[in-house]
Amino acid sequence: MDIAFFYDRGKPKKKEQSYGRLAVQQRMRLAMAFLHPLRPIIAESWLNQGKGNRSKAFGQALKALMQEAMEGHYPDQRIAAERVRISTGLLPAVLVEEVMCGDRMLEVSFSDEPTPMASGTDEVVLVVYSPEAGVAGRNTDAFLRKDGHIRLKLPAQLRSQRFHAYLFLHNTRKKQFSKSIYLGQLEG
Amino acid sequence: MGTIKDGINGPFRGKTGNVVGSKWRKVNYIKGLPHFKSNRAASANQLLVRRKFALLNRFFDPISTVLEIGFKQFTSRATGKNVAIRYNYDHAFLIDGSAIALDLPALQFSHGSLFTAGDEQARVIGDNLYITWDPETYGMGRSMDDRAYIILYEEIREVFFTVGRPLRHEGAVQFMNPILTLRPLKLHLWLFFAERAGKQVSRTVYIPIADPES
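Protein chains in written order, with the working numbering: chain L, 75 to 262; chain R, 541 to 754.
For the record, the hints were derived by calculation from the structure and aren't laboratory data. Idealized CB from N, CA, C, for every residue including glycine. Hints should not be assumed to be uniformly reliable.
[As the list claims (entries may be wrong)] Quick look at which bits of chain L chain R covers, simulated, 3 or more residues with Cβ under 8 Å:
#1 210-218
#2 244-258
[Unchecked claim] Straight-line Cα separation of at most 25 Å, DMTMM-like style, residue types lysine to aspartate or glutamate; simulated pairs:
#3 227/L to 172/L
#4 227/L to 676/R
#5 227/L to 659/R
#6 227/L to 546/R
#7 612/R to 667/R
#8 130/L to 735/R
#9 739/R to 118/L
#10 227/L to 674/R
#11 88/L to 546/R
#12 88/L to 630/R
#13 253/L to 150/L
#14 592/R to 694/R
#15 227/L to 660/R
#16 89/L to 118/L
#17 726/R to 676/R
#18 253/L to 187/L
#19 739/R to 206/L
Assemble the whole structure, with the sequences as input and the hints as a guide.
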């Protein structure tokens with residue numbers, strides 16, 4: 075009896091996966107790796123899109139990233155950090171005027187046009203993030219829209235390393251959020 | 541040995557002929573009794589793999605309780621040591637011809653999404669080892685009450701030491717032991733954090749020890 079008919083050692087056990095499937099898997103892997111360290115922020119800033127559910131909020135942010143912030147073709151897909159939205163909503167954002175990055179501090183100055191939807195007491199959030207180091211940080215002191223500037227102490231792992239910086243606003247009750255603004259890739 | 545799925549009467553358990561069914565950590569296994577003992581000498585590759593397993597197993601044995609914490613999220617179907625071996629196997633060895641040694645700075649004792657502290661430093665002065673790290677939380681991914689797990693290993697005497705369980709906000713810990721005055725001394729130090737509930741852990745950071753005397 076030809077036993078190879080039942081079992082052929084030379085035959086690969088797993089079917090080769092299709093190009094499309096591999097591309098989607100890589101896209102998902104990249105998106106998860108990028109967004110996962112930012113979960114505590116996204117759980118709040120996308121909460122309206124997640125209908126009040128924190129894990130749905132993360133799912134919506136992940137979907138937006140995969141649709142809007144991916145570039146290249148498999149196997150060279152990558153994330154365009156400038157198109158990633160770590161926050162979304164209808165609250166008016168600010169106009170960034172200057173970004174100053176020192177050894178241990180990051181300071182951002184901004185101006186604002188008064189609109190009926192914006193309030194001077196809206197809180198500003200500055201986020202620094204290095205996907206390579208897997209480390210992020212945000213401002214621990216409260217800064218308001220009317221202050222015109224925000225300051226953040228850089229986490230130790232981001233000093234003398236390149237990182238991305240994002241800025242967004244939310245109202246005092248954390249019910250309304252603005253779209254995040256990408257400040258660029260900076261070096262501490 | 542293979543895993544077996546439940547039948548209509550549940551999983552197969554016990555012994556029937558030369559087939560043995562058993563269950564461990566919610567996984568149902570089916571094994572066969574050995575038919576014969578092979579007299580064939582092990583190939584070079586088999587010997588290499590066995591030595592690698594022996595090295596890692598022997599190294600991880602005394603710290604299995606720490607590994608249970610460091611790899612807790614993966615231990616539903618395996619022990620912490622099992623996961624640690626699987627996690628480290630690919631990058632844990634320095635192979636030079638037929639000599640194999642552990643690449644100690646590359647070893648990881650935990651895996652998770654909690655942020656590491658940053659700015660970790662260690663220094664030996666006399667019979668004291670001073671370990672410091674950045675105690676700040678930077679608003680996300682860290683908590684003041686995260687517990688630090690510190691693993692100290694003396695390579696020449698092949699011995700591990702317990703260095704206490706300080707909290708992240710303390711930012712420093714001091715370890716005193718007469719062995720630190722002995723020379724030669726080859727110390728290795730690793731640090732990771734676990735949140736208070738123990739569900740989230742950080743990656744492990746290897747801290748080079750500054751000791752001008754050794």
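Each hint, compared with the structure:
no., hint, result
1, 210-218, "holds (count 5)"
2, 244-258, "violated (count 0)"
3, 227/L to 172/L, "holds (17 Å)"
4, 227/L to 676/R, "holds (10 Å)"
5, 227/L to 659/R, "holds (14 Å)"
6, 227/L to 546/R, "violated (56 Å)"
7, 612/R to 667/R, "violated (34 Å)"
8, 130/L to 735/R, "holds (24 Å)"
9, 739/R to 118/L, "holds (21 Å)"
10, 227/L to 674/R, "holds (12 Å)"
11, 88/L to 546/R, "holds (24 Å)"
12, 88/L to 630/R, "holds (22 Å)"
13, 253/L to 150/L, "violated (28 Å)"
14, 592/R to 694/R, "holds (20 Å)"
15, 227/L to 660/R, "holds (17 Å)"
16, 89/L to 118/L, "violated (41 Å)"
17, 726/R to 676/R, "violated (30 Å)"
18, 253/L to 187/L, "holds (16 Å)"
19, 739/R to 206/L, "holds (23 Å)"
Going down the numbered hints, you'll see the structure goes against 2, 6, 7, 13, 16 and 17, while the others check out.
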